[in-house]
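Novice: Full structure from sequences and hints, please.
Just so it is clear: in the sequence shown, position 123 is 225 by our numbering, and no numbers are missing.
Just so you know, not all the hints are guaranteed correct.
[As the list claims (entries may be wrong)] Straight-line Cα separation of at most 35 angstroms, DSBU-like style, residue types lysine-lysine; simulated pairs:
#	residue 1	residue 2
1	127	259
2	292	259
3	260	296
4	296	159
5	259	296
6	159	259
7	260	159
8	292	260
9	127	155
10	127	159
11	155	260
Quick caveat, the hints were computed from the structure, so don't treat them as lab data.
Small disclaimer: the values here were computed from a predicted structure and weren't measured.
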Amino acid sequence: MIRFWGQPKYAQDERFAYELFLREKIADQWTFPQNFGRFNAEDIAILLAQTVKAVSKETQMLSINLDQPEFARADYLETLPQLQAQLPDMQLCVELTERPYGVAQAALVSAARTYQEAGLWVCIDDVGTGDNQLSLVQALSPYVQEYKFALQNFHDKKDFITLVSPLLQFWREQAQLAGVFFAIEGFENKVDLKIAQNYQPDIMQGYYFGRPQLIDVNAV
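Specialist: In C-alpha coordinates:
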(Lines of atoms letter the chains of each structure in order from A; the text may use other names.)
(Lines give C-alpha, C1' and ligand atoms only; values in the text may rest on other atoms or scores of the structure.)
Protein backbone atom coordinates (compact mmCIF):
# COMPACT_ATOMS: atom_id res chain seq x y z
CA MET A 103 0.00 0.00 0.00
CA ILE A 104 1.27 3.46 -0.88
CA ARG A 105 0.22 6.78 0.59
CA PHE A 106 1.37 10.36 0.59
CA TRP A 107 2.74 12.12 3.66
CA GLY A 108 2.31 15.87 3.49
CA GLN A 109 4.59 18.63 4.80
CA PRO A 110 3.11 22.15 4.94
CA LYS A 111 4.47 24.97 2.81
CA TYR A 112 4.03 28.58 3.89
CA ALA A 113 3.80 31.91 2.10
CA GLN A 114 3.48 35.15 4.06
CA ASP A 115 2.94 33.18 7.29
CA GLU A 116 -0.02 31.29 5.83
CA ARG A 117 -0.08 27.61 4.98
CA PHE A 118 -1.09 27.33 1.36
CA ALA A 119 0.32 24.01 0.14
CA TYR A 120 1.76 20.61 0.96
CA GLU A 121 4.75 18.83 -0.44
CA LEU A 122 3.84 15.17 -0.77
CA PHE A 123 6.28 12.37 0.01
CA LEU A 124 5.43 8.87 -1.21
CA ARG A 125 5.70 6.12 1.38
CA GLU A 126 5.00 2.39 1.20
CA LYS A 127 3.60 0.33 4.06
CA ILE A 128 5.47 -2.93 4.55
CA ALA A 129 4.87 -5.13 7.62
CA ASP A 130 3.02 -2.32 9.41
CA GLN A 131 5.91 0.09 8.84
CA TRP A 132 5.90 3.10 6.54
CA THR A 133 9.08 3.01 4.49
CA PHE A 134 10.84 5.04 1.81
CA PRO A 135 10.37 3.14 -1.49
CA GLN A 136 13.67 1.87 -2.81
CA ASN A 137 12.59 2.05 -6.44
CA PHE A 138 10.15 4.76 -7.44
CA GLY A 139 10.34 3.64 -11.04
CA ARG A 140 8.21 0.57 -10.37
CA PHE A 141 5.15 2.73 -9.69
CA ASN A 142 3.23 3.72 -12.78
CA ALA A 143 1.87 7.20 -13.33
CA GLU A 144 -1.75 6.06 -13.20
CA ASP A 145 -1.33 4.68 -9.67
CA ILE A 146 0.31 7.92 -8.54
CA ALA A 147 -2.42 10.00 -10.19
CA ILE A 148 -5.19 7.98 -8.53
CA LEU A 149 -3.57 8.44 -5.13
CA LEU A 150 -3.00 12.12 -5.84
CA ALA A 151 -6.68 12.60 -6.74
CA GLN A 152 -7.68 10.87 -3.50
CA THR A 153 -5.26 13.06 -1.57
CA VAL A 154 -6.78 16.23 -3.04
CA LYS A 155 -10.12 15.23 -1.51
CA ALA A 156 -8.49 14.53 1.87
CA VAL A 157 -6.69 17.84 2.44
CA SER A 158 -8.34 20.98 3.79
CA LYS A 159 -10.28 23.18 1.39
CA GLU A 160 -7.84 26.03 2.10
CA THR A 161 -5.04 24.07 0.41
CA GLN A 162 -4.16 25.70 -2.89
CA MET A 163 -1.32 23.49 -4.11
CA LEU A 164 0.01 19.95 -3.82
CA SER A 165 3.51 19.13 -5.03
CA ILE A 166 5.11 15.78 -5.78
CA ASN A 167 8.75 14.90 -6.30
CA LEU A 168 9.84 13.27 -9.53
CA ASP A 169 13.33 12.00 -10.25
CA GLN A 170 14.68 12.65 -13.74
CA PRO A 171 13.44 9.36 -15.29
CA GLU A 172 9.88 9.84 -14.01
CA PHE A 173 9.87 13.58 -14.79
CA ALA A 174 10.54 12.81 -18.46
CA ARG A 175 8.57 9.55 -18.69
CA ALA A 176 5.75 9.38 -21.22
CA ASP A 177 3.12 8.07 -18.81
CA TYR A 178 3.69 10.96 -16.38
CA LEU A 179 3.73 13.48 -19.23
CA GLU A 180 0.30 12.22 -20.27
CA THR A 181 -1.32 11.46 -16.91
CA LEU A 182 -0.39 14.48 -14.79
CA PRO A 183 -1.66 17.06 -17.33
CA GLN A 184 -4.90 15.09 -17.58
CA LEU A 185 -5.26 15.12 -13.81
CA GLN A 186 -4.55 18.86 -13.60
CA ALA A 187 -7.33 19.47 -16.13
CA GLN A 188 -9.72 17.59 -13.84
CA LEU A 189 -8.74 19.67 -10.79
CA PRO A 190 -9.40 23.34 -11.63
CA ASP A 191 -9.40 24.33 -7.94
CA MET A 192 -6.09 22.65 -7.06
CA GLN A 193 -2.71 23.63 -8.44
CA LEU A 194 -0.50 20.59 -8.96
CA CYS A 195 3.27 21.03 -8.83
CA VAL A 196 6.02 18.72 -10.05
CA GLU A 197 9.38 19.11 -8.32
CA LEU A 198 12.39 17.88 -10.28
CA THR A 199 14.78 16.32 -7.78
CA GLU A 200 18.52 16.81 -7.83
CA ARG A 201 19.45 13.12 -8.02
CA PRO A 202 21.64 12.37 -11.06
CA TYR A 203 20.25 9.78 -13.46
CA GLY A 204 21.82 10.88 -16.73
CA VAL A 205 18.60 11.88 -18.48
CA ALA A 206 19.42 14.19 -21.39
CA GLN A 207 18.94 17.89 -20.71
CA ALA A 208 16.83 18.21 -23.86
CA ALA A 209 14.40 15.58 -22.53
CA LEU A 210 14.08 17.40 -19.20
CA VAL A 211 13.47 20.73 -20.93
CA SER A 212 10.85 19.17 -23.20
CA ALA A 213 9.11 17.61 -20.20
CA ALA A 214 9.11 20.89 -18.27
CA ARG A 215 7.57 22.61 -21.28
CA THR A 216 4.83 19.97 -21.47
CA TYR A 217 3.95 20.32 -17.80
CA GLN A 218 4.00 24.11 -17.93
CA GLU A 219 1.82 24.28 -21.04
CA ALA A 220 -0.69 21.98 -19.31
CA GLY A 221 -1.00 24.35 -16.38
CA LEU A 222 1.16 22.49 -13.89
CA TRP A 223 3.58 24.37 -11.64
CA VAL A 224 7.19 23.27 -12.18
CA CYS A 225 9.77 23.56 -9.39
CA ILE A 226 13.48 22.81 -9.50
CA ASP A 227 14.25 21.15 -6.18
CA ASP A 228 17.52 21.64 -4.28
CA VAL A 229 19.06 24.14 -6.69
CA GLY A 230 22.84 24.05 -6.61
CA THR A 231 22.90 20.42 -5.47
CA GLY A 232 23.37 17.20 -7.45
CA ASP A 233 22.36 17.62 -11.09
CA ASN A 234 20.37 20.79 -10.47
CA GLN A 235 23.28 23.10 -11.19
CA LEU A 236 23.12 26.49 -12.86
CA SER A 237 23.41 25.24 -16.46
CA LEU A 238 20.39 22.94 -16.14
CA VAL A 239 18.45 25.47 -14.07
CA GLN A 240 18.91 28.15 -16.73
CA ALA A 241 17.91 25.74 -19.51
CA LEU A 242 14.70 24.88 -17.65
CA SER A 243 13.89 28.39 -16.44
CA PRO A 244 11.47 29.39 -19.25
CA TYR A 245 9.14 26.61 -18.10
CA VAL A 246 9.66 26.84 -14.33
CA GLN A 247 7.77 28.78 -11.66
CA GLU A 248 9.93 28.05 -8.61
CA TYR A 249 13.53 27.53 -7.51
CA LYS A 250 13.87 25.74 -4.17
CA PHE A 251 17.00 25.95 -2.01
CA ALA A 252 17.56 23.25 0.63
CA LEU A 253 19.11 24.37 3.91
CA GLN A 254 19.23 20.78 5.17
CA ASN A 255 21.97 19.96 2.67
CA PHE A 256 24.34 22.20 4.63
CA HIS A 257 23.36 21.77 8.28
CA ASP A 258 26.17 19.28 8.90
CA LYS A 259 28.83 21.53 7.39
CA LYS A 260 31.33 23.53 9.40
CA ASP A 261 30.62 27.27 9.45
CA PHE A 262 27.05 26.71 8.26
CA ILE A 263 26.12 30.40 8.24
CA THR A 264 29.27 31.49 6.40
CA LEU A 265 28.77 28.79 3.79
CA VAL A 266 25.06 29.08 3.18
CA SER A 267 24.65 32.87 3.15
CA PRO A 268 26.34 33.56 -0.24
CA LEU A 269 24.52 30.58 -1.75
CA LEU A 270 21.18 31.95 -0.61
CA GLN A 271 22.11 35.34 -2.04
CA PHE A 272 23.13 33.78 -5.36
CA TRP A 273 19.96 31.73 -5.82
CA ARG A 274 17.74 34.57 -4.65
CA GLU A 275 19.30 36.69 -7.40
CA GLN A 276 18.91 33.90 -9.96
CA ALA A 277 15.23 33.58 -9.08
CA GLN A 278 14.75 37.32 -9.49
CA LEU A 279 16.53 37.30 -12.85
CA ALA A 280 14.35 34.42 -14.05
CA GLY A 281 11.16 35.95 -12.64
CA VAL A 282 10.31 32.87 -10.57
CA PHE A 283 9.37 32.25 -6.96
CA PHE A 284 12.18 31.56 -4.50
CA ALA A 285 11.54 28.83 -1.93
CA ILE A 286 13.68 27.78 1.01
CA GLU A 287 13.20 24.42 2.70
CA GLY A 288 14.90 22.70 5.60
CA PHE A 289 14.06 25.18 8.37
CA GLU A 290 14.83 23.48 11.67
CA ASN A 291 15.18 26.32 14.18
CA LYS A 292 15.00 30.08 14.74
CA VAL A 293 18.60 30.52 13.58
CA ASP A 294 17.63 29.17 10.15
CA LEU A 295 14.66 31.50 10.09
CA LYS A 296 16.75 34.54 10.98
CA ILE A 297 19.33 33.78 8.28
CA ALA A 298 16.78 33.13 5.55
CA GLN A 299 14.72 36.24 6.21
CA ASN A 300 17.59 38.27 4.78
CA TYR A 301 16.88 36.68 1.40
CA GLN A 302 13.11 37.20 1.31
CA PRO A 303 11.87 33.71 0.43
CA ASP A 304 8.44 33.58 -1.18
CA ILE A 305 7.83 30.06 0.15
CA MET A 306 9.14 28.34 3.28
CA GLN A 307 8.96 24.83 4.68
CA GLY A 308 10.77 22.59 7.13
CA TYR A 309 10.50 20.78 10.45
CA TYR A 310 10.33 24.15 12.21
CA PHE A 311 6.92 24.71 10.60
CA GLY A 312 5.70 21.11 10.52
CA ARG A 313 6.85 17.57 9.92
CA PRO A 314 5.37 15.35 7.21
CA GLN A 315 2.22 13.58 8.35
CA LEU A 316 0.19 10.80 6.80
CA ILE A 317 -2.72 12.05 4.73
CA ASP A 318 -5.50 9.57 5.41
CA VAL A 319 -7.40 9.13 2.17
CA ASN A 320 -9.58 6.47 3.80
CA ALA A 321 -11.14 9.08 6.07
CA VAL A 322 -12.74 10.91 3.13
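Novice: Are the hints correct? Go through all of them and say.
Specialist: Status of each hint after checking the structure:
Among the hinted pairs, residue 127 with residue 259 is consistent with the structure: their alpha-carbon atoms are about 33 angstroms apart, no more than 35 angstroms. Proposed proximity of residue 292 and residue 259 is supported: the alpha carbons are some 18 angstroms apart, at most 35 angstroms. With a CA separation close to 18 angstroms, the supplied pair residue 260 and residue 296 stays within the 35 angstroms bound. For the given pair, residue 296 sits about 31 angstroms from residue 159 by alpha-carbon distance, which is consistent with the 35 angstroms threshold.
Between the alpha carbons of residue 259 and residue 296 the distance comes to roughly 18 angstroms, so the proposed pair stays at or under 35 angstroms and holds. For the suggested pair residue 159 and residue 259, the alpha carbons sit about 40 angstroms apart, so the restraint of at most 35 angstroms is broken. For the proposed pair residue 260 and residue 159, the alpha carbon gap of about 42 angstroms is over 35 angstroms, so the pair is violated. With a CA separation close to 18 angstroms, the supplied pair residue 292 and residue 260 stays within the 35 angstroms bound.
As the CA atoms of residue 127 and residue 155 are separated by approximately 21 angstroms, the hinted pair is consistent with the 35 angstroms bound. For the given pair, residue 127 sits about 27 angstroms from residue 159 by alpha-carbon distance, which is consistent with the 35 angstroms threshold. Proximity of residue 155 to residue 260 is assessed by CA-CA distance (about 44 angstroms); at most 35 angstroms being required, the pair is judged violated.
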